[in-house]
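S.K.: One-letter residues, chain by chain:
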Amino acid sequence: MSALPLLEVDDLRVTFNTASGPVHAVDGVSFTMEPGASLGVVGESGSGKSVTARALLRLFAITDDVRVAGSVHFDGVDLLRVDERRLRHVRGGQIGMIFQDPLTSLNPLMAVGEQIAESLRLHRGMGRAEAASEAVELLARVGIADPEKRATELPSSFSGGMRQRVMISLAIACRPRLLIADEPTTALDVTVQAEILLLLDELRRSEGMALMLITHDFGVVAATCEDVQVMYAGKLVEKASMAHLFDRANHPYTEGLLRLVPRFEDAHTGRLHPIPGQPPITGGGGSSCAFAPRCDHAFDRCRAEVPPEVAVGPEHLSACWLAAERARDTIEAGRPWKRDR
Amino acid sequence: MNGAAVVGTVSETGAPSADDPRRGVLEVNDVVVEFDTDGGRITAVDGVSLHLATGETLGLVGESGCGKSTLARAIMQLVPMQRGSVRLEDTDLGTLPRRELRRMRHRIQMVFQDPRGSLDPRMSVSTLIGEPLRVHSIGDRTSRARAVAEAMELVGLPTAVADRLPSELSGGQQQRVGIARAIVTDPAVLVCDEPVSALDVSIQAQIINVLDELRDELDLAMLFIAHDLSVVRHLSDRVAVMYLGQIVETGTASEVFSEPRHPYTQGLITSVPRADAASAARLQTARRLVLGELPSLLDPPSGCRYRTRCPYADDECAATEPPPEAVDHADGLHSLRCHHWRDIAARSEAQPSSNSQEQAQ
Ligand SMILES: Nc1ncnc2c1ncn2[C@@H]1O[C@H](COP(=O)(O)OP(=O)(O)O)[C@@H](O)[C@H]1O
Ligand SMILES: Nc1ncnc2c1ncn2[C@@H]1O[C@H](COP(=O)(O)OP(=O)(O)O)[C@@H](O)[C@H]1O
Ligand code: SF4
Ligand code: SF4
Ligand SMILES: [Mg+2]
Ligand SMILES: [Mg+2]
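Residue numbers (my numbering), protein chains in the order written: chain A, 7 to 347; chain B, 1092 to 1452.
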């Protein structure tokens, strides 16, 4: 392991004060990423994935009544404690971000080439001409045909997939060391999704940047990420390498997520297994396992104490009172979430 | 429409003949829908035929813009057809006078993608579900109330929500209301256009189960449109793959999805990211099978419409439109439109990688 991780998040907590009371959107999240790592973050909507990503860069709306605690060390500097000027340099500079809907982050009235060039001038100190030609290079780099011409067009003249490519070219323009992609392909056709995922993977390898990819689809993680963490009610409930997770999902929530979706390769056999109920709307913050109301395995202790993270394998953590026991069963019985389907 | 005369009668093969007891409740024949757009006239649906039997689900897949929703709306008689016919239980909907069409409507109902947008925000749940009965003047007050209660139970809505407004419901409950509205008139056919695409994964699973159960319980014929191929495979008996307004491959779900013959179907299937160790490698293959972008309907390619993205395209593909051909198989339902499918199949058997999906694991 290298001396310094690229990103070190420690006990991150984000609480929104809303009209109906506090929402503990992120409830004590800790993880690290090495340079060049690829990390998938999976969970149902409302589990706190996007808020975690936004908190890393303190990207909140002015209208948000929000409290952030913990630390986010990026390259040794705590981003939660640097001033706004320094942070602006990191945003779109050392850390790039792309979202599900590129239109929310592209300026609809400005030619895409100009937007990329503007970022290059701001973050890489390029001159006008140099930035303009580098912008064209970048568009070509993400697979946009006829980049000189397309650089002069507005975002609205690009199809969904092409627009996401533009967004990616903007995000990688300043050679970020970390790219955060929040559901970048959720709205796209599978064919376009495949291309975008391959592009992200290729860029990660060639530019040596780390990738944090937020999604609800384990298939997407499997295609692009080495590591995965599963989030529920503001907490990371399981962390593992993706290769390890196929065979050894430990946490009942992870198992539920894996069983919930029809797997393409399975012929239709019977009904699906939805996880009953829904995630708590107030996030975490309780003094029990937040998954207990939906968990088939819950027992008294689950309702009385928050389960700690337990190591259940090499670099594999699970926050469940039954973690150790389930790890033993998994080894004996094979993939429990694949049984009876 | 290039070659329309030849292709006009293209259908899924195996459509039962008129005296077959299995004859479809819904028979769609050679439907063409054109639109005038700013850029010119486009053919959004180009000679599509399909049939549906009672208790059967046909899944319709294809990239966005290929004409799935337009086809659904043509079947519902919500957009004018330039050509073709839609027969519902032996009634030709296209030739019906307006009033009688309205009367037939309760036999074919639709479920939409956005449950919220399709529900009047000022109406209560029970009013919303009873609305189709009132519109079609079916039954009296008492029988309507009973039908509403039954529909709510069938879709798993607790009686406690009957008086709530749509905004007071979760996304999953809203979609259940959408489905209850569709089944309350006792339809023979349910057309579902991306009914779970807007829902979160765990809610998707619930709604898929609801549709699955309803189909069995009410013996519905279902046309199920979705872009999630895993969901379509899970729910469908047969599938049709659509590309630029045409059906390019159709057959039983197990046939088409485990042994796709059309290069486009192969590409679509290989593009589905799966949670296994071969996931990344499979996407590389997908990229070789589906090249570049969907062409514009304003200027569709000559010959085979897939040729601009097909790795196997040659001169013949540019010159002539491939006619539908049946894959010789016991079930007789599998057909596709590709000049070279036999060669491609032979090649991939010799060198299994691209379309031998199940082996990739
Ligand atoms: N600006 C905000 N104000 C109040 N609550 C918020 C805000 N943004 C997100 N939340 C809440 O925080 C929780 C986590 O949200 P989010 O991170 O967006 O979930 P995910 O990305 O996993 O779907 C949810 O309960 C959501 O309602
Ligand atoms: N009312 C309309 N007027 C003009 N063009 C339309 C209209 N409805 C759909 N289209 C066009 O028809 C094509 C097929 O669209 P659609 O049926 O919605 O595809 P899908 O549902 O497969 O995504 C698209 O090019 C779309 O832009
Ligand atoms: S701690 Fe208890 S309730 Fe929570 S996931 Fe484990 S078994 Fe279920
Ligand atoms: S007819 Fe030619 S271009 Fe069309 S799918 Fe077959 S091989 Fe490809
Ligand atoms: Mg989110
Ligand atoms: Mg559609």
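Hints are computed from structural coordinates only; laboratory data are not their basis.
Among the hints, a few may not be true.
To be verified - In silico negatives: residues of chain A with every beta carbon more than 10 Å from chain B: (1) A43; (2) G76; (3) L93; (4) R127; (5) M132; (6) R147; (7) R269; (8) R277; (9) H279.
Claimed, not checked - Pair by pair, the computed Cβ-Cβ distance ranges are: (10) A:A193 / B:E1440: 52 to 58 Å; (11) B:G1383 / A:T38: 54 to 60 Å; (12) B:A1417 / A:E331: 53 to 59 Å; (13) A:D272 / B:P1402: 24 to 30 Å; (14) A:E40 / B:S1288: 33 to 39 Å; (15) A:T158 / B:D1406: 31 to 37 Å.
Just so it is clear, the structure is predicted and the values come from calculations on it, not from any experiment.
Cβ atoms here follow ideal geometry from the backbone N, Cα and C, with glycine treated the same way.
S.K.: Hint by hint, note whether the structure agrees.
M.R.: Evaluation of the provided hints:
For A43 of chain A, the non-interface assignment is confirmed: its Cβ lies about 16 Å from the closest Cβ of chain B, beyond the 10 Å cut-off. Its beta-carbon lying about 27 Å from the closest one in chain B, G76 of chain A satisfies the requirement of being farther than 10 Å from that chain. With a least CB separation of 32 Å from chain B, L93 of chain A remains clear of the 10 Å interface cut-off, as annotated. The Cβ of R127 of chain A sits about 31 Å from the closest Cβ of chain B, beyond the 10 Å cut-off, so the non-interface label holds.
Residue-level check passed: M132 of chain A sits 30 Å from the nearest beta carbon of chain B, beyond 10 Å. Distance check for R147 of chain A against chain B: the nearest CB is about 16 Å away, which clears 10 Å, and the non-interface claim stands. Remark: the non-interface label on R269 of chain A conflicts with the geometry, its nearest Cβ contact in chain B lying 6 Å away (cut-off 10 Å). The Cβ of R277 of chain A does not lie farther than 10 Å from every Cβ of chain B; its closest approach is about 5 Å, which violates its non-interface assignment.
Against the 10 Å criterion, H279 of chain A falls within the reach of chain B, whose nearest CB is about 7 Å from its own CB. At about 37 Å, the CB distance of A193 of chain A to E1440 of chain B disagrees with the hint of 52 to 58 Å. The hinted window of 54 to 60 Å between G1383 of chain B and T38 of chain A is violated, with their beta carbons roughly 39 Å apart. Restraint check, A1417 of chain B to E331 of chain A: a C-beta distance of roughly 55 Å satisfies the suggested window 53 to 59 Å.
Between D272 of chain A and P1402 of chain B the Cβ separation comes to about 28 Å, which falls inside the hinted range of 24 to 30 Å. E40 of chain A and S1288 of chain B have their C-beta atoms about 36 Å apart, which keeps the hinted 33 to 39 Å range intact. Between T158 of chain A and D1406 of chain B the beta carbon distance is about 36 Å. The supplied range of 31 to 37 Å therefore holds.
In terms of the numbered hints stated before, the structure departs from hints 7, 8, 9, 10, 11, listed from lowest to highest.
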